[in-house]
Each structure stands twice: as structure tokens, then as C-alpha cells.
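Participant: First residue of the sequence shown: 1, per UniProt numbering; consecutive thereafter.
Hints listed in this document are in silico derivations from the structure and should not be mistaken for laboratory results.
Please note that a few of the clues may not be correct.
[Said to hold, decoys possible] Between beta-carbon pairs, the in silico distance windows are: (1) Asn-127 with His-18: 35 to 45 Å; (2) Thr-178 with Thr-63: 17 to 27 Å; (3) Gln-277 with Val-314: 52 to 62 Å.
Beta carbons: idealized from backbone N, C-alpha and C, even for Gly.
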Amino acid sequence: MLSPRPLPSNLPTSFTYHEARRHGVGRSRLHSPDLEHLFRGVWARAAVDSSAADSDPAELIRTEVRHLAQAYSNRMLPTEFFSHTTAATLWGVPLPRLEDRLIDVSVFRPRRAPKGAGVRGHTLDPNLVHVTTHRGLRLATPASTWANLGPLLHPYDLVAAGDAIVCQRTSAGGSGVTQPPIATLDQLRAAIDAGRRPGVGALRDALGRIRTGSWSRLETWVRLILVDAGLPEPVLNFDAFADAGSFLGCVDLAYPDLKIAIEYEGAHHWQTPEQIQRDIDRLERLVENGWRIVRLTKRHVFSDPAEVVRRVSVARTQRAAQR
1 MLSPRPLPSN LPTSFTYHEA RRHGVGRSRL HSPDLEHLFR GVWARAAVDS SAADSDPAEL
61 IRTEVRHLAQ AYSNRMLPTE FFSHTTAATL WGVPLPRLED RLIDVSVFRP RRAPKGAGVR
121 GHTLDPNLVH VTTHRGLRLA TPASTWANLG PLLHPYDLVA AGDAIVCQRT SAGGSGVTQP
181 PIATLDQLRA AIDAGRRPGV GALRDALGRI RTGSWSRLET WVRLILVDAG LPEPVLNFDA
241 FADAGSFLGC VDLAYPDLKI AIEYEGAHHW QTPEQIQRDI DRLERLVENG WRIVRLTKRH
301 VFSDPAEVVR RVSVARTQRA AQR
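Sequences and hints are given; from them, build the entire structure.
Facilitator: Encoded structure:
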């Protein structure tokens with residue numbers, strides 16, 4: 001079988017039928033296996049297979065959604081914008097694994113919801129949603145996006161989404177802010193208070209549980225599992241120092257008074273050997289300085305939360321008895 005004729009170098013990654021014709025691409029060429037027909041009248045160069053074991057699964061999902069959103073933007077009307085889980089993914093908000101490749105596209109009432117293959121259309125109240133542009137794509141603001149997730153997510157994931165939006169990430173050792181928040185708690189509160197909307201009760205419950213120091217969905221889930229089991233709330237991303245003052249490392253979750261660190265095993269299997277080495281060295285420094293490490297996996301967190309509670313409870317009881 002002959003290879004398809006190369007596409008013009010100045011043809012974008014995603015393009016409309018009319019753009020293809022203007023660049024001299026014939027109708028038959030659009031049916032070649034190196035192109036995807038993603039939406040009505042929109043094609044894209046087939047995405048490179050990035051399912052290698054050393055790839056970050058969350059980043060793979062974000063890449064796929066960006067690919068689809070960028071393609072749809074070629075036919076997007078001025079009245080349309082991305083919303084719900086699509087907007088959340090474009091903002092970098094962690095979500096459970098998506099079960100379909102549909103893109104959430106919204107309009108304001110009284111317009112009709114967008115339709116078509118690959119599209120999940122919505123009609124929204126203009127008083128409840130603010131729209132902005134991010135990386136060239138028109139989408140709901142972070143606060144509006146979070147508010148639209150109220151009826152869609154597990155309560156813990158709704159908190160995790162809020163945590164990601166208000167996260168102010170600092171460098172290890174507290175030397176400075178490396179990631180400012182994309183919205184504030186006040187903006188999330190204002191989105192809830194804008195008017196009646198589906199899931200408002202879940203949103204209000206989640207708002208009080210959101211923290212600015214959570215760096216991952218797993219951290220949020222562990223924190224909420226422990227608190228809901230009656231244990232004290234752990235400190236998020238705690239910078240641990242030796243008695244002499246040297247920096248030991250940043251701990252995912254911690255009970256500093258008992259020198260208990262809660263860490264994940266296998267959560268970052270796509271890391272480089274250098275990153276893995278740094279993690280091993282960090283944990284060894286903590287142990288040498290009297291820290292108790294509670295190791296958890298994603299399976300514990302999402303499938304066996306009782307084991308999460310048991311391990312942390314045992315560590316707390318044993319440490320308290322040693323004081």
C-alpha cells in the first residue's frame with residue numbers, strides 16, 4: 001500500500017475541509033489513515049501514540065483533550081465555549097479517568113445546545129458562568145468551571161478539583177511560590193452564590209473542605225478519608241527539617257508532632273531514574289532522623305480506604321506510646 005502524499009507543511013495540525021482544499025488537499029486524501037475526522041468538517045493529523053509506560057496518565061488525558069478542543073475550535077461559533085469536564089481538563093484540574101472522548105461545549109440561554117458527533121452540548125444561564133480565553137481557547141473561568149462540576153463528581157473529587165484550582169504551590173524548603181492559584185476561595189464562593197444551579201448543596205459542602213496546600217488528587221482523597229474516619233487532619237506538603245536545621249524533604253502528608261509521614265508508592269512510575277533516586281534518598285533521610293513512613297498506593301486510596309485508616313491509626317498509636 002502506497003504511503004499517503006505528504007500534507008503541506010503550512011497546513012495546521014487541525015483544519016477544516018475548506019482549509020484543506022485551499023492548501024490543495026483533495027477529498028480522497030482526507031480519508032487517509034494519518035488523519036482523523038474528529039468533528040463535522042474538521043480533520044486533524046493523527047495524534048502520536050503516547051501510551052508508553054513511562055508517560056504520566058494524567059498528562060496523556062490532558063494532551064488528548066487539548067488535541068480535541070483545538071480541533072473543535074476550528075468550527076467553534078463565537079457564542080460557544082468549552083465547559084464542564086473539558087474546561088476543567090484544559091485548566092489542569094485533576095479528574096477521574098474520562099469515560100468518553102466527548103467535548104463539552106456550551107452556549108448561553110436562549111440559544112440551543114451545540115450538537116454533533118463528538119460533542120456534549122449544554123445550555124447555561126449567563127448569570128452563572130463567566131467566560132475567558134486560555135491558550136487561545138474560549139472556555140469557562142476556573143471558578144465557573146468548578147461550579148459546573150457540582151452534580152458530576154464524587155464529593156472527594158469535587159474537593160480535589162477545588163484544591164487544584166486554589167493551589168498555591170511552593171518550592172521544597174519554602175523558598176518561594178512556584179505555582180500561583182488560578183482562582184481564589186472567594187471566587188469559588190462567588191460562583192456558588194451567583195444563583196440557583198444543579199449540585200449547589202454538594203458545592204457548599206465541598207467549599208469548606210478545600211485547602212490551598214494540596215498538590216494532587218491523591219493527597220485530597222487521603223486527607224478526607226482520614227478526617228472522615230475521625231483522625232486529625234494531616235498537614236499537606238510539610239517541609240521536614242533535621243534538629244540541626246538541614247532540610248530533609250517535603251512530605252506529601254504529615255503529622256509533624258508525631259513525626260509521621262504519609263507517602264505514595266508507585267504513584268509516579270513514569271518518573272525518571274533521577275527523580276526516583278531523589279525520592280529514595282529523601283525517604284532515607286527522613287527515617288534516619290526519626291520519621292515513621294506510612295506507605296500507600298493508589299489501590300489503597302481508591303479501593304481500600306479502610307486500610308489507609310488502619311495503617312495511619314497504627315502509626316499514630318505506636319508513636320504516641322513512644323513519647
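Participant: Does each hint fit the structure? Answer for all of them.
Facilitator: Against the structure, the hints:
1. Asn-127 with His-18: 35 to 45 Å: holds, 36 Å
2. Thr-178 with Thr-63: 17 to 27 Å: holds, 22 Å
3. Gln-277 with Val-314: 52 to 62 Å: violated, 29 Å
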